[in-house]
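Asks: The lines below spell out each chain.
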Amino acid sequence: MKRIMIDPSKCDGCKSCMLACMDSHRTDGKTGVETLDFKDPANESRNEIVNDGKGGYLPMFCRHCSSPKCMESCMSGALYRDRESGHVGYDEKRCGACFMCVMNCPYGIPKPDVTRTKIIKCDFCKDREEGPACVAACPKKAIYVEEV
Amino acid sequence: MGNPYVIIGTGAAGMAAAERLRLLKPDALIQMMSIDTDSHSRCMLHKFLGGERDVKGLFFMEEDFFAKKNIMWGRGQVAKGVDPAGKRVLMENGYQPYEKLLIATGSVYGIPPIPGFRTSVNVFGFRDLSDAQKMDAAIKELDAKHVFIVGSGLVGLDVAHALLERGVRVTIAEMATRVLPLQTDETSARAYQELFEKAGARFRLGIGASDSVVDENNRITAVRLSNGEEIPCDFVVCAAGVRPNLAFLEGSGLKTDRGIVVDEFMRTSDPDIYAAGDVTALSGIWPNAMDQGRIAAANMCGQQQKYTDTFCIKNTINFYGLTMLSVGEVEPKEEGSQVFTRECRNAYQKVIVRDGMVKGVQLQGDISHSGFWQYLIKNQVDISGKLAKKSVFDLGYGDFYGMDELGEYVYP
Ligand SMILES: Cc1cc2nc3c(=O)[nH]c(=O)nc-3n(C[C@H](O)[C@H](O)[C@H](O)COP(=O)(O)OP(=O)(O)OC[C@H]3O[C@@H](n4cnc5c(N)ncnc54)[C@H](O)[C@@H]3O)c2cc1C
Ligand code: SF4
Ligand code: SF4
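Those protein sequences? They're chains D and X, same order as listed.
For the first sequence, this note's numbering assigns the number 1 to the initial residue and increments by one for each residue that follows.
For the second sequence, this note's numbering assigns the number 1 to the initial residue and increments by one for each residue that follows.
The hints are all genuine.
Simulated crosslink set (DSSO-like; lysine-lysine; CA at most 27 Å straight-line):
#	chain 1	residue 1	chain 2	residue 2
1	X	LYS68	X	LYS56
2	X	LYS198	X	LYS145
3	D	LYS10	D	LYS140
4	X	LYS56	D	LYS93
5	D	LYS93	D	LYS118
6	X	LYS69	X	LYS306
7	D	LYS54	X	LYS386
8	X	LYS386	D	LYS10
9	D	LYS140	D	LYS15
10	X	LYS390	D	LYS15
11	X	LYS390	D	LYS54
12	D	LYS2	D	LYS15
13	D	LYS2	D	LYS126
14	D	LYS126	D	LYS140
15	D	LYS2	D	LYS141
16	X	LYS333	X	LYS378
17	X	LYS198	D	LYS118
18	D	LYS15	X	LYS389
19	D	LYS10	D	LYS54
20	X	LYS56	D	LYS118
21	D	LYS15	X	LYS386
22	D	LYS93	X	LYS69
23	X	LYS389	D	LYS10
24	D	LYS2	D	LYS140
25	X	LYS390	D	LYS10
26	D	LYS30	D	LYS93
27	X	LYS68	D	LYS93
28	X	LYS80	X	LYS255
29	X	LYS68	D	LYS126
30	D	LYS15	D	LYS30
31	D	LYS54	X	LYS389
32	D	LYS39	D	LYS93
Label pairs and their in silico Cβ distance ranges:
#	chain 1	residue 1	chain 2	residue 2	range
33	X	ASN346	D	LEU36	24 to 32 Å
34	D	GLY29	X	LEU142	47 to 55 Å
35	D	GLU92	X	GLY76	28 to 36 Å
These are calculated hints, taken from the structure and not from any lab test.
In this text, a Cβ means the ideal position worked out from N, Cα and C, and glycines have one as well.
Generate the whole structure from the sequences, applying the supplied hints.
Replies: Structure representation (C-alpha cells):
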C-alpha cells in the first residue's frame, strides 16, 4: 500500500497541502487554488497542520491504518478497505452519518462535514492519476509517498 | 467435508465474524442463520422507519456478501436451542451440526409491566427490522397521528425522530429528569429536548407510565402517567432497555449470568462454542460487537486473540444536525474532580478530570477531530503536564503526536 509519509521536522506550516486538498476535492468544477472560495463550507480540507507549541508544525493526515478503527466501527459499510489500493475508502452514499468513526479514530482525523450528513476523510485522491494533490503541493517534501 | 462453522445471527457480531472466518478459512463450510430475513444495521433502523432508506439500504457489508464469500444463510430460520454434547443446533425442523459454533443473537427489548402493555396488540419495541416493519404497517393501517414512547434514550429518540419525519406526533415519557440520561448532562440534554420539541415532540420527564386504557379490540388508546395525566395514542413504543437474547439457551448447560459468560477469547463454558456481541452483556454498542465477532472468529480458527478493547461507555449522537460525542462519565462520579465547561452559541463542551486523567467528555456542536478523547479516557493517560501549559479544550492528538517506522501514528 502507498502511504503519505510525514517528516514533521521539514514542515514549515505553509499549509499548501491544505489548499491543494481543498482544490482537489472541490465540487464547483473550477481548478486552481487562486479560485477557491474560502467561505464556502463545502470546501473543507481533509488534512490539517497543527502548531506544536514549540515553533514547529505537525501534519495531520489519515494514515489509512493497518487496523483502521474508523472502518472497524462503521455501522453502514461506508468505510471499506479498497482491495486494489489497500486504502481505507469511503462511500458517501452508504454513510449513515452516525459519526462513530469520528469518535473511534484514535488520532482524531475524520470529521463531520458542515451539513452533518457525511464525513470528511482522505481518499488518497484516488481519481487523480499523479497521486495525492497535497504531496505534489508541499514545497518542503515534508510529506511524500512511499510503498509500505 | 465435515461439519460447518455455524454462526447464529447476522447482526454486527455475526457478520464481522463471518467475514473474518472466510478470510482465515478460504475453503471451510460456513453456515449462518438468523430470524432476520434481511441482514441489517440496527443503527439505521430509524432511517427505514422514517422513509429515508429501503431494506437494501440497511445492509452494511459489501454487496452480494453471502454469494461472494460462499457463505450459506438460513434466512428467517430460528435456533431453538443448542446441544453442546451432540455438537448441534436445534432448529424448528431438525438439527444443524457444527464444527465450531458462534452465538451472536444480540439483545431483546423488554416491555415494562404496566397494565395492558404486555397484552395489547399495539405495543411495539424497536430492535429488529421486523419491529420497524410492524410499526410502519400500524402507521398506515391506523392512520396514526399520535404515538406514545416509553424512554428517551438513543433508541427512543431514534423512533421519535423517524415518526416526526412522517408527520406523526409523539409524546415521550422518561423516568429520568432529562433526555438521553446516559449520554448527557442537563445542558446538553436541553439542547436536544428543544430540537425535538420544535419538531413537534412532547416530553414528560421524571414521570413514568402507570396504566393504560384498552379498547374492545385489545388496543391501547391512551396511556396514564404516574401524575394522573392521560395521553391518547394510536400505539405505544417501548424503548426502555434491552437484555441479552439468551432465553433459547435454557437447558443447554452453557454458563450464563446477565449474558452468556465468555472468557477473554470469547469462548463460552463449552470449548467449541463462542459468543460475541450484545448477547455477552460485555457491551451494547456496534463497534464492540464487531470487534468481539472478529476476535471470536480468529479463535474459532485456532488463533489466540484476546478481547482487550473493552471500553464501551461511548456514543456519538446526531439529531437535527446537532452532533455530540459523549465518552465516559457525564457527571463526576467521585469527589475531587475538576469539571471544565465551555459554552457558546450552538456548542457546549465539558471535560471531567480527576487525578490528572480525563474521566469524561461531552462535546456538543462541533465534534471534529475528537477521536483522541476516547484514547485518553480508556487508557487513562496522565494529562496534568499538558494542562499546566494549555486549556483542556485546546488538547488534540497533536499533544501526543508520534509515528512508527511505517508511518502509522502512535501514542507515546
Ligand atoms: C434502534 C437502534 C439504534 C442503535 N444505534 C446505535 C448507534 O448509533 N451506535 C451504536 O454503537 N450502537 C447502536 N445500537 C446498538 C447496536 O445496534 C448493537 O449493539 C449491535 O447491533 C449488536 O450486534 P449483535 O450482532 O450483538 O446483535 P444484533 O445486531 O441484534 O443481531 C442479532 C442477530 O441474531 C439473530 N437472532 C436472534 N435470536 C436468534 C435465534 N434464536 N435464531 C436465529 N437467529 C437469531 C437476529 O435475527 C439478528 O440477526 C442501536 C440499536 C438499536 C436497536
Ligand atoms: S481515519 Fe483514523 S483510524 Fe481511519 S484510517 Fe485514517 S488515521 Fe486510521
Ligand atoms: S459516519 Fe458514516 S462512515 Fe462514519 S461510522 Fe457512521 S456510517 Fe460509517
